[in-house]
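J.: For the protein sequence lines, the chains are A and B, in the order given. The number in my numbering is simply the position in the first sequence, starting from 1, with 35 added. The number in my numbering is simply the position in the second sequence, starting from 1, with 35 added.
There could be a bad hint or two in this list.
With a straight-line cut-off of 25 Å between C-alpha atoms, the simulated DMTMM-like cross-links for lysine to aspartate or glutamate are [what the hints assert, rightly or not]: (1) 272(A) - 290(A); (2) 230(A) - 194(B); (3) 152(A) - 220(A); (4) 272(B) - 216(B); (5) 96(A) - 156(A); (6) 152(A) - 74(A); (7) 230(B) - 220(A); (8) 272(B) - 285(B); (9) 230(B) - 110(A); (10) 230(B) - 249(A); (11) 272(B) - 194(B); (12) 230(A) - 173(A); (13) 230(B) - 216(A); (14) 230(B) - 290(A); (15) 230(A) - 97(B); (16) 230(A) - 220(B); (17) 230(A) - 216(B); (18) 152(B) - 97(B).
Worth flagging that the hints you see were computed from the coordinates, not collected in a lab.
Protein chains: 2
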Amino acid sequence: MTTLAIISGTGALPATLGGTEALYVTFSGVPADIPAGADRIEARFEQLGAMFDALRVAGIKEVVLAGAMSRPSFDPAALDAFTAAAMPRLMAAMGGGDDGLLQVVMEMFTDQGFVLKGAHELRPDLVLGVAVEIGAPDNQARADIARGQEILAALSALDLGQGCVVAGGLCLGIETLQGTDFLLDTVARSAPHLKRAPGVFVKLPKEGQDLRADMPTIGPDTIAAVARAGLGGVAIKAGAVLVLERGLVERALAEHGLFLVTL
Amino acid sequence: MTTLAIISGTGALPATLGGTEALYVTFSGVPADIPAGADRIEARFEQLGAMFDALRVAGIKEVVLAGAMSRPSFDPAALDAFTAAAMPRLMAAMGGGDDGLLQVVMEMFTDQGFVLKGAHELRPDLVLGVAVEIGAPDNQARADIARGQEILAALSALDLGQGCVVAGGLCLGIETLQGTDFLLDTVARSAPHLKRAPGVFVKLPKEGQDLRADMPTIGPDTIAAVARAGLGGVAIKAGAVLVLERGLVERALAEHGLFLVTL
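For reference, chain A alone in the conformation it holds in the complex (with noise of 0.2 Å):
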């Protein structure tokens, strides 16, 4: 019998964590990607009482996030005794940065005496480790990659910013709240002539994130993003940022002519 539970949003995370032996944590209302007929818990966000019950009921030990969630919205009337209780503290850390509200959540995993484990202690092939270099940059593109950690450090302080592009040596955009497909998107949109080099797409946790949280991820449709955006490619954290479904990943970088480097 598992003792892994995956608290579940969408994407291919979720599935690569747990198969079909885990056990999946869904919430109503909020789409969620899991295997069909794999074991699962439909939550709400109103009642963690009952959640954290049920998860003690199946015998669970350690629970890891995996997958987007979107933000969910309360119905004040539905909430259980537990969840009225850390209104509050929910409220309060809504209203901070990305990583407040989700930092609460996990200390509520912990203090309900659940192990929480983060996707790339499950699972450390999702990683890559230090130097990798699939296809080659050149000096712009490094150039490019220096800048756009320079760019990631100075938000990192403000806990914001995952990713940014550079091209060029200018910025064409920064990572906020709508998340890496919509950045891409949005550089794609960008006027040609914006762009005097083929730009770069660096992707790092914020410095000091705990990377049970929100981990950075890639995976084949990041690289058909980057492609669409006409970028050079992508510089990502070494041991810091999961790459999903890598062989697909590594056709895409090939289809397209793109290099993926790790910092």
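Please build the complex by placing chain B on the supplied structure of chain A, with the hints as guidance.
T.: Chain B alone, transformed into the frame defined by chain A:
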């Protein structure tokens, strides 16, 4: 006879500063909005030496940069001696931040003996003083403004970011090379559920920015774009952001029920 030359790009600013009195300088292949019938020199980026000579012949003493100008493409075969000699410096500057190139161009004007003026020096009535409040931001909007200031301060050290959008404590966009209109359009295209408050557009010069170059500017079109993005209002730096067509700006604010405050 005028002693003022307006180095002109697009928008209302060139005509606002010069009327039909000044000498307008436009660049071949670069769109510019100047009054019909005004005196004009059509220059080429490849032939800056010829431009400086023409300005001297016309008796010009003061120069102001006005309006949005797209980045030039150089035709190396057309370079005059002056510009050829300046190319290494120009090329190096183009690899830096947005301000790098402008700074070099401005230094060229002063090196050639011209006095560079800021639009706000020629027309102090185009900026707003401290503590201006049109409409009334609520407490959430004030918190969003503070967050926006914090984000722009962090980016300012990197020569990046004159504007950002914050809603309910969360950043929905940071102005990059594409400019203000593109930023606001991008926010307008974002998923509405990401906004837990109307949000604000914060527009400031970079810290230490030379206001004679690329001074932040808003106008009636900016207010309309803020309204399309569904935001609650605008915050600008007192004394350091040009407000063009102020009557129309105030009318647009009233029409859309938006606030404008100075910081």
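J.: What are the numbers of the hints the structure violates, in ascending order?
T.: 3, 14, 15
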